[in-house]
Amino acid sequence: MSHYIHDEKVKELEVKANEIRKSLIEMLIAAGSGHTAGPLGMADIFTALYFHVLKHDPKNPEWSERDRLFLSNGHICPIRYATMAHAGYFPIEELKTLRKFGTRLQGHPEREKLPGVESTSGPLGSGLGQAAGVAYGARMDGKKFRVYCAMSDAEHDAGNIWESVMFAAANKLSNLTGIIDRNNIQINGITENVMPLESLRAKYEAFNWHVLEVDGHNIEQFVDACEEAHAIYEKPTVIIAHTIPGKGIEEIEFDYRWHGIPPGSGPTDIFAAKDQGAAFLAELRTLGGKIQSEHE
Amino acid sequence: MSINLQAKLVANVTDTTALEMKPTRDGYGTGLVKAGEKDPRVVVLCADLAESTRSQWFRDKFPERYIELGVAEQNMATVASGLANYGKIPFISSYAAFSPGRNNEQIRTTIALNNIPVKIAGAHAGVSVGPDGATHQALEDVALMSVIPRMTVLVPCDAIEAEKATIAAAEHPGPVYLRFGREKSPVFTTAETPFAIGKAVLLREGKDAAIVACGMLVYRALMAAEELAKEGIEVAVVNSPSVKPLDADAILKVARETGAVVTVEEHQVHGGLGGAVAELLARAYPVPMEFVGAQDRFGESGEPDELIEVFGMGTPAIIAAVHLVMTRKVAPR
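Residue numbers (this note's numbering), protein chains in the order written: chain W, 1 to 296; chain A, 1001 to 1333.
Pulled out of the complex, with its shape left as it was, chain W reads as follows (with noise of 0.2 Å):
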């Protein structure tokens, strides 16, 4: 049991983020392009920072104090928007104008665009050093705010994150939590086949990071670890989220080809056929035991 956050909170949550892994359905098949699997499996992590984690005002996003969070594999941001839609930054019709010309929701994420997603992202590993350095510079000045760094696991690819993570271990960032979406996949297949990535942990862990592993789908367990981050003062702490990819539709989930594509963006890909839409909004697991349980 958490200390942290109640029983009926967690539900309230895995409901939330049920509703808005239907909305990311919609705008993915409204748009017609655009990535399923990693905003899926992300869906309830993205939940609960925005709902129980972050400190943030949705109607001020601006706000000097607020919690940053950094996403580096900005091919996700149908979860970002997603979930900032349902938490009040911007009306959930704005949704449907992802990747659209003239849209704020643009295809990566842009900050000059969108207020509230604190910086652009797309070509993987730079979100890290970033949020470093936005952790560095608000502890020059005192502040209290934390941040955050939503990170894929196969970014880890790139030389850039890892010298980010030498240089938040050195200067001991223990403001900054870096989470990491293990959902073992990426464009070209399994991460362990394009580029082993294993053993991560001993790898943060020899970087001089503090490192926790949750199951990425338990809301619970991911605040839990955001909560015990705080409490490491000597370094900077890493949660090892392992998620499903496509998470909430059976049909998606695990298959990297649903990594860069959208539901419905058939003919000729049988994953990826023309009327799946709707089934797959059908299908997205409700609270009938799949969404926590299936993993107790």
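The set of hints was computed from the structure by calculation and includes no laboratory data.
You may find that some hints are simply not true.
Claimed, not checked - Covered stretches of chain A, going by a simulated chain W footprint (3 or more residues, C-beta under 8 Å): (1) 1013-1026; (2) 1066-1076; (3) 1106-1114.
We put the CB at the ideal spot given by N, CA and C, even for glycine.
Could you slot chain A onto chain W? The hints should help.
This is chain A only, laid out in the frame that chain W set:
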């Protein structure tokens, strides 16, 4: 026809042996300290090159505002983006070959596209790095930075102008690239010489041709003009430290007055000052042009002055380019 008094150059500007010699990187060092004194938000990042980039001078004065990155230029760009995103005014310091050479994408995405006001200082640019050889002689950096939207590109001509450019960069609201050299070069401007982002300064008046130059070769351009004057050829010399934005008015003015333009820079002739001037003149007032710079080739080891001559960027090469461009002049329109 002679030196433009409005440029407020040193009195004995043509007396090469009497001028103080200093590398432009020294101006970065003193400029950082002055910018840091003016504004507590200024922080300086360096990738293991504190002494040679002169960021050490800032470190000595403001150790709590100096941030060491180690040999990690990509991370330096991203950490600086975060610092500026938070509200600091970061300068990132390395050799131009590495920053913006290695971290170009991070500069494009996390600084320029992100519209975050990081100041990028590329030291040891050009063949005048000397013995270190081609790997360390950045000749492409101005092109790399100029092509990026929102980026301001400054190439100061001496240590005094370098200090002014550094201070101006700190006060400028957007991202800025600053280019510096390793080798000592004549200090021929003064505290009173005009400097502003987006402005060029006419150093010498002339009617037969115009030289538009930036960086430490500006002084060689002035010397070339002096030599040419002995032949009766009067060449205007424009110092254009602001490669982007370019001072279109000042450059168009000398193009109209002379009908022939030579650009001079210690950089590839593609994509640098010469390219920028050519793009301007092609649209607004086409005149024959010649381009003094590295002719699509890499540098190599040698002594700085020797390399400047061998690579066709010395005073004789500038004189030859002026002669050539004048043969291509068309009748006044």
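Right, here's what the structure says about each hint:
1. Counting residues of the stretch 1013-1026 of chain A whose CB lies closer than 8 Å to any CB of chain W gives 0, so the stated coverage by that chain is violated, three being the minimum.
2. Here's how the stretch 1066-1076 of chain A fares: 6 of its residues keep a CB closer than 8 Å to some CB of chain W, so the rule of at least three is met and the hint holds.
3. For the stretch 1106-1114 of chain A, the assignment as covered by chain W holds, since 5 residues bring a beta-carbon within under 8 Å of that chain's beta-carbons and 3 suffice.
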